[in-house]
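Spelled out, the chains give:
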Amino acid sequence: MTGKTGTGRRPDGAAFIIAGLLAVFGAILLWDAARIPETGGYAGIGPAAMPRLVGLVLIVLAGLTALGGFRGRLADVPRQNPVALLWIGGGLAAQIALLHVVGFSVATGLLFAATAAAFGKRNLALTLPVGIVLAFFIYGIFDRLLQLNLPGGVLETLIWGG
Amino acid sequence: MSTFEFLLQGLGTAMQPMILMYALIGVTLGTAVGVLPGIGPALTVALLLPATYGLDPAGSLIMFAGIYYGGMYGGSTTSILLNTPGESASIVTALEGNRMARAGRGGPALATAAIGSFVAGLLATLALAFLAPQIVKLALVFGPREYFALMLLAFVTVSAAFGESTLKGITSLFIGLGLAVVGIDGLTGQARMSFGVPQLLDGVEVTTLAVAMFALGEALFVSAQGGGGDDRVQDIRGSVRMTKADWKRSWPAWLRGSAIGFPIGAMPAGGADIASFLSYGTEKRMSKYPEEFGHGAIEGVAGPEAANNAAAAGTLVPLLTLGLPTTATAAIMLAGFQQFGLQPGPLLFATAPELVWGLIASLLIANVMLLVLNLPLIRFWVLLLRIPRPWLYAGILMFATLGTIGVNPSSVELTMLALFGFLGYGMRLFGYPIAPVVVGMILGPMAEAQLRRALAIAQGDWTTLVSTPLSAILIGIAALALIVPMILRLRGRGAVLAQIAGDED
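If you read the protein sequences in the order shown, they are chains A and B. The first sequence: position 148 = 148 (our numbering), numbered continuously. The second sequence: position 167 = 167 (our numbering), numbered continuously.
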């Protein structure tokens, strides 16, 4: 869907994908609104009105986007580097999965190292320790000094106490 | 009590040592984060919101206001020394300021930006102090329909009136409105779009959305462009002092910039970027040296920078007096108020005058602090510009997730953060604006509630929305702001139809 360097007014594939996503979002809103009992009260409109309106408009916008896709390109999209996206996406996934297992510092250190890798610094033996130490200090400042409740793991409990 | 007495009382609050320290921490953090390339004021405020969670409301809000002003100052440094401005409002500054820096006049460019920001911030904050009580009086006669009309106007100006495409702006807005539906309906308690997931009943946190869209989206976007590290930081050669001629050319530009910026910020008429573009155009037309524009004219830095800061103070007028955020930054600031259960608006001036006036007075003090922080210490801030990108973005992502984890360390919330990050990336990639999503997300439920209240009062009669002159005029302006730019774009397209093949919509 990206990276093509099309010129002129050819139909734009990306526009159809965007239109599809907008239509799906609109349809979910409409579907959910259909299950809400209509209790308009004095106002005549109830909690279902807003999702219904937004859903309908999104479907109209999807139609307009698709029409625009027939006429030409939606935007000039330069070639993207999917490896970088995978690194950051993977780092976020690792942090979400491991946060409550190994604690804030290690999980966030992983995200730090993965992000640095996405920007070209692949030396994990350097970035991972730096990330963990940095996250550990942030844990100390925010959890202990600024009363934020961050999930701790073995490392945090060992050094900062339970 | 008169405005003046309130302001003096506020200064009394703001001069307390602890409060002064919060303001100092705020402006320092705000400048430090605002200087970082790729980070605008909206993201600065969103990233630093968690730092204020543990404080009391007064201290937290004052620190927050300092962060806001500091972020605006920091952004101008970035755009002068680096040609990739962190905030859209600074693009114009980059136009002339970066040229000046390349010509070895980076020092005076930074000085005129900092002093201009100070002058504009001072004038605009005073204007805010004297205008706010008048608007509060006016707001007391506002009913739900007037509020709804105002919000409608804010929706249109933030999404459709400016920018490259009406369709894309409106699409962004409605994505935000759709996300706002998630959670429990405020009027009836009906669960919507929650699909039986308990964490979704709370709705989408504005800060999660803003951090994801601005920080993650930006990081993903920059990384996917393959680094692109060709932008060079300009050195400050020589003195930061301005010459006599610089002063003479800067003064009128600062004043004009303030006069343009404040009203634009104060009306729901778009944010600081429009103000600085208008100011740039004005300076170009009025300058005695029009040939210098494009090659580093000092008025082209002084005017837009002043307009930019005056507009930033201006946006606080609708935010504080009506509870109406008109920019993404203001939307996040509103979330900052709401974390303490405070709802900005006319009522806040009556129930917590010491808080509101302390906040306004702190802005004046923060402005002075920023001048001191930015002129002598400028070389220190410039060091931050030289952080290599891998470390910089790794640190940004660390803080971005910290905010969400600190508020709610659930995997559902973090997954939402990651998904919105990729949404932000995709929208950036295809040229969809981000700010309307954030504003739609926070204003959507407010507008819905006001509409339903207005209709309930009128027993379901829709004509009530235009039954007072004020609401009718506001809705009329909103309609014009939607239709006129569409016609203009259609006309413009007619003239440049030949060029359209390669151009985007």
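Mixed in with the good hints, there may be bad ones.
[To be verified] With the C-beta cut set under 7 Å, the calculated list includes, among others, these residues of chain A facing chain B:
no., residue
1, Ala-23
2, Phe-25
3, Ala-43
4, Leu-61
5, Ala-75
6, Asn-81
7, Ala-116
8, Phe-136
9, Pro-151
Please keep in mind that the hints were generated in silico from the structure rather than gathered at the bench. Cβ atoms here follow ideal geometry from the backbone N, Cα and C, with glycine treated the same way.
How about Ala-23/A: closest beta carbon in chain B under 7 Å, or not?
violated, 12 Å
Can you verify the interface hint for Phe-25/A: is its Cβ closer than 7 Å to any Cβ in chain B?
holds, 6 Å
Does the interface hint hold: is Phe-136/A within less than 7 Å of chain B, judged Cβ to Cβ?
violated, 11 Å
Taking 7 Å as the limit, does the beta-carbon of Ala-116/A come near enough to a beta-carbon in chain B?
holds, 4 Å
Hint Leu-61/A vs chain B: min CB-CB distance below 7 Å?
At about 5 Å, which falls below the 7 Å cut-off, the nearest Cβ of chain B leaves the hint on Leu-61/A intact, so it holds.
Tell me if the interface restraint on Asn-81/A is satisfied: Cβ within less than 7 Å of some Cβ in chain B.
holds, 5 Å
Cut-off 7 Å, beta-carbon criterion: hint that Ala-75/A touches chain B
Constraint on Ala-75/A satisfied, holds at 4 Å.
Against chain B, run the beta carbon of Pro-151/A and see if the smallest gap drops under 7 Å.
Holds, about 5 Å.
Hinted contact Ala-43/A with chain B - closest CB pair below 7 Å
Hint holds; Ala-43/A Cβ to chain B Cβ min 4 Å, cut 7 Å.
Violated hints, in rising order: 1, 8; the structure is consistent with all others.
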